[in-house]
Structure formats: C-alpha cells, structure tokens
Amino acid sequence: MFWNGTRWIDERAHQATPPPSRRRTRRWFKICAMIGGIVALAVPTMVAGDAFAVRGTQVYGTSGSEQTSLAAYRHQRPAATPTPAPALTPPPAATPTPALALRPTLKLVEVVSGGTAGSGAWTLNAGTNTDSFSGPGPAIGPSSIAAGVAYSMFETGGPASGYTPGGWICTDPTGAPVSLAGQRVTLQAGQNATCTITNTYLAGATPTPAPVATPTPAPVVAGIAVPATIDATGSTDASAALISFVGTVPDGSTIVFKAGGVYRMDSALKFAHRHNLT
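Under numbering that gives the first Met the number 0, think of the first position of the sequence shown as 0, with each following residue one higher.
These are computed hints drawn from the structure, not numbers from a lab.
Backbone N, C-alpha and C fix where the C-beta goes; we use that ideal spot for every residue, glycine too.
Hints are not guaranteed to be accurate.
To be verified - Straight-line C-alpha distance at most 20 angstroms; calculated DMTMM-like pairs for lysine to aspartate or glutamate:
hint : residue 1 : residue 2
1    : K106      : D130
2    : K106      : D171
3    : K257      : D236
4    : K257      : D230
5    : K106      : E154
Stated by the list, open to error - Across the chosen pairs, the derived CB separations fall in these ranges:
hint : residue 1 : residue 2 : range
6    : V255      : Y200      : 54 to 64 angstroms
7    : A175      : A212      : 36 to 46 angstroms
8    : G174      : D130      : 25 to 35 angstroms
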C-alpha cells in the first residue's frame, strides 16, 4: 500500500489488473440442461468489444481477431394435441309473450244544426243485451266495448218537434269510414271509432202546442131552485124568505141554492117533521 497524495493504492491489486486489451478475452461457458425434453446449448457470453452475427442456423461470435461458430440445433418433440374446448350449449330461445289484445273503444257525438236546442237535450246510447253505456250530449266516451259484438246506437230525449235526426256516421282516428249495419257498429280488438249523429232544425216548423184541457162541467142536479127573489148576496137577512120557501118544498126533494150565493140568516131554520130533504 502506498499514498499517492490523494488516496491509498493497493499495489498488488494494481499490478494484477491486466490492461484493457488483455481483458477482452473470450469467456465461454456451457450449460447443458434437459428442460421438458428440450436440449439447450448456451452460446458464448460476449463482453465489451465482442460482436456476433446469426447466419442461417450458425451463430458466429468474435472477440478480437478470433471467430467461433456453434451449430444450433434443437431437440424436436411431438406437437401437443390441443384439448378441444367444450361445446357451449346455447341458451333456449325466449318464448315471446303474446301482447294483450286491446279492447276496442266507441265514442258517441251529438251535433245540432240550427234552432235553439242544445246538444245536451239529447241522450246518446249504445249497447247490446248484456252491455251498454249512455249519457247526455254533446259527447260520451270513448268507452271500452266487447270486440266482435254489434252495438246498437240510438238517442232519446230532445225537443218533441222541430228537429229531424240524421243517420249515424262512424270514422276511425284517421278519419277513414267505419262500416255500419243499419244503426249498429261492430269493432275488432284494438279498433277505435267515433260515431256522430246530427239533429237538423226544420226551418219554419211551429211546435205543436200542448192540448188545453177542457174542464168537465158539474153535473146538473135535478131539484127545486131557491127563488131569485131571495137575496143571495148576503147584504140582507133572508131567514124569513127561506123559511117560507122551504115550507113549500115537498119531502124527498132537493133544494138547489144559487152557485156562489151567500144567504144571510139572522134566525135559524127549523125542519121539524120534514123527511129526505137535500
């Protein structure tokens, strides 16, 4: 060991270190191993300054002026037979759920042409023997009805005279006509229709007046009338005159007083020993 002024120097280590040109020695190592049936032959390890090249199956390495080749070879092994992947079973196709059949709907509309009557004066009706709906105009519905069943349409109420109804006209939501059988309409599942009836005012038509009841006259009762000379206004006492008159009426007779007359009697009438006077 010696001090060179800046650090300690190991003289032995310094002398044992070969110059760079000598360090470029070729170092070989061979490793032969059997791994999974493959024989591997290691190639020389190159150091700085070495070069290598591959030509076909030959590997060439150089170190300085020397050159070495190694025959590259491989140990063939049988190709592995691939394990087939298990066949995937496709899931069963889903069975589509059938759409629910929509019940048809029917709407009734009342139209009034002319006159003073309102559309609410009429009641609109539609139905079968087992199903029906109704209501006042101008419109009722849409109401759900049975598919494939004929519904009769009619109106009730309204003025007694002065208007004449037209026939029913039915259309679907697009305005296309819907066929009728008389005044009956039949709709299929999912079908919708609007049926309209028009009541037209008859110009100049005079409503027929209701008949005036003629009072039935009271039956004429046969009898003996009180004389007109007897005061029937109630302004004077008629007791004496009535007593005198009744005395002349035979038994079993009917005395007829003036209708609406008022007879003033300050004294009572006595009917002693008289029979069946009315």
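Which hint numbers does the structure go against, in order from smallest to largest? 7
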